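First to last, the protein sequences are chains U and V.
If you count the first sequence from 1, position 278 lands on 278 in the numbering used here, and the numbers rise without skipping.
If you count the second sequence from 1, position 391 lands on 1391 in the numbering used here, and the numbers rise without skipping.
If you are wondering where the hints come from, they were derived from the structure by calculation, not from laboratory data.
As the structure is a computational prediction, the values presented were derived from the model and not from experiment.
On the chain U side, residues computed to face chain V include the following (Cβ under 8 Å): (1) N24; (2) D137; (3) Q149.
Listing some non-contacts, in silico: residues in chain U with all C-beta distances to chain V over 10 Å: (4) T50; (5) S88; (6) G92; (7) N213; (8) L229; (9) A267; (10) P319; (11) P328; (12) N348; (13) R365; (14) Y392.
We put the beta carbon where it would ideally sit given N, CA and C, even for glycine.
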Amino acid sequence: MTGAFLTASFFAVLPSPRQVSPINLSRLALTTLQTLDAQSDLSTVAFDTTNDTAWNQLQIALSACLPPNVVFNLTAYDISTQNGQLYSATGGRSISNAASLGLGSDVASYIVASSNVTFTVTPQKIRATLYILNCSDSNGWWITGYTVQSIAQEIAQMFGPYFEPSSIIMVQNTTQLGKLLNGQPLQNETSVQNAIVINTCGEAVPIPQSYANLYSSDYARYSYQLGNLTNLYNWTWVSIVGYPLYYVTSTLALSGTQNSWGVYGMARIGPAGLTAFLQGLDKQSYSNNGAGITLDVGVVTLTPATLDNCSYYGIFPSPTQTATRALPTSIKTQYNLTTATMVFNAKNNAIAGAVFNHVFRGGTRTTGSLFALGITRVPDIRLVGLGILSNYNPVLYKSLYTTAGTSKLVVLQLGLAGGK
Amino acid sequence: MTGATIDHLVASTVFLAALLLFIGFFNQMNQTAIVYQNHKHISTKCSDILDSILLNPGSPSDWGFSGSSTRKLTFFGLQDPDFQEYRLSPFSLTRLLSPGAQQYNNVSWDLNGGYLLLQASECIDYHNVTSLLGINGIYDFQLAIAPTLTVNISEVSDAHLNLRIQVYGTGFPLSNAYLNYLMFWANTSTSGSFPILNCNFTSDALQTDSSGIASIEFPYLSSGTAFTFIVKAYTTGISGTGYLAKETVTNSGNLIPYIQSYDVGKANVILAQNPQTGMGNLYFNASFYALPDNFVPVPAGNFAGNVNSGTPSQNLQITTNNQTGFLVVAYGDGNHYGMMITALGVDSIGVPVTFGANPSGKDWVATDLRQVLIGDIAYQAKLSLWSLQGYGVTG
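Next up, chain U with everything else stripped away, as it sits in the complex:
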């Protein structure tokens, strides 16, 4: 017993108190850089590396706006146009208020542009409404490490340049989702037709109270209804990770139900959810089919077109991903689907990520789409961005005058002074 206790004690290393509730130094550093550059002052100083007075004032400003127990190092790097090292401190400058940054530190980087240059990128706007399911009364599954709200914010930020501001709508709770499912606009959008609906809850899907009551005996019927509505409104339904529609979630309607893994506010549908959705999308009659259809195909690679779009839109996820929930190619014939955009190359007769358009046999009109990313957790929303942008292909209008020496990379590293 003593041996067991000693062994357990040896491996059960608890974090230091500072790591338990750390101040988010990365965010603090980023917001500090943004504040300093609000009137372009940081940009001016970063390019004026020989001006001691300006750098002293910058150090005073940094010291004044950071808490006394935070130590910093700010470095402006040149961005080299030569081959080899991209960022160089040779032509830059650094300031710090401590010899070392303590036990732990975090950084934020910020690109500043010279006042002599104008560089603009104006994206073409996608003419669709983007609904992001940011329901405060729902839980997520397979979004480990994130919260529904943090993913929703990242998505809104990523798509911000590509949509009119009024076209990005956060669906804040399941009551609003219920309105949306009933075809009622949530803000001033003219209609809910042709929209993109991104489910940020991972393998779970939020369910409004009225639907939870209606389908309490068989939640797969809710997925069937979602498929029907996706067809009716010509939505593009986006599943960001794992097996789509595997659970339903509502912290209010399902407060006493757990998903078989101990997370309350969530009920398991199982594989029948996705099958029911596809049945609804194709207007087939409903039948609860609990047989799993996805395949574990291992490592998959981005398609050449997607790789090109990585460079075009400046979004760079890893080109290889692990897919454990890839959809079989057989669903295309079974549910009248065509692949509008392939994000990953097909492997073993399965597709790990693609936008599937539904087109009735003999027809030409798209009536609803499903964009499913069958990769394993944790979700990478850059893949969502690439998939949507590759599907809609908004043009980037760039204007660039003089490129050499036009930008610098400013890195602010923050650490906490003192012991543990």
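Following the hints, position chain V against chain U.
Just chain V, lined up with the frame of chain U:
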């Protein structure tokens, strides 16, 4: 035989004691790990909620400008409706009603002669905010949004009006900072009892020394003059503002400004007499100035009147066009004069805002910090969050 039995009993007792002891050790280790896990979860939630508040303007997004929109709020956020990252709406912050406030919010009450009192029905209360954030009954929080730079102004004893300005950050004086100021003062009227409102504005006239201190003397004003002084401090990349109004209680009392409503570019302000035993006539002259980021005030309305026991308040209709600014008021009873100021938008005179429950005495309070901008004034937003549900971890 007896000896073997005793040995067996002793060995069993020792074994059981050791077993219980180590079960206790393991339990203690597990309990510590669970507490750590819970604390880490609260810390992550704190960071998430802070970003959620700072990175969305709420819905409807114009709720800071409009009392009717505030009453229809379906999601809570404080971001400026222009959707710029970590830039907050100066008006949404004035509509936060902390627990304990009753008829008017208590964003600022008689701090250096400054007020910011908005009627409670125009505000959103803490309980509603926690519901809109989806944390009601799960977490409590306190959000403190304070200027990054503290600008303290004090009077120096002298024959003439002499002011000392001290500027410092969260832990460091702001040396060599440039100061711009706006000076308003009240003169005795030669005709009637209305005070005359004067003003003087300068640009880049002052700079702080290595201790972050500067002084300014007004040789043309005596030390007893009623005045309102607003100063903006600026150095590389960071700005702050502060004010001092010489609020005097005359024999007829003084004036307190209550913002009755604020909607679509129009504000309704009540100037109410804070009576003394005399309750005689108290005369006032007031001006509203819009204050853009360049710190050049734009006059946008003048008002004059008097209050007394029969008419204890006067109603001012101000057209603000949704711009931040301030109402500066000079008042007097014919013998004594005073001044006070009320802000429309927190950044115009650097008002801090504290909203939410009181964290003192709570078991475990996680905090997180962001730098934000309101107008071009640097603020820090600090969220303190604690759980109301013990050590249960979900989600």
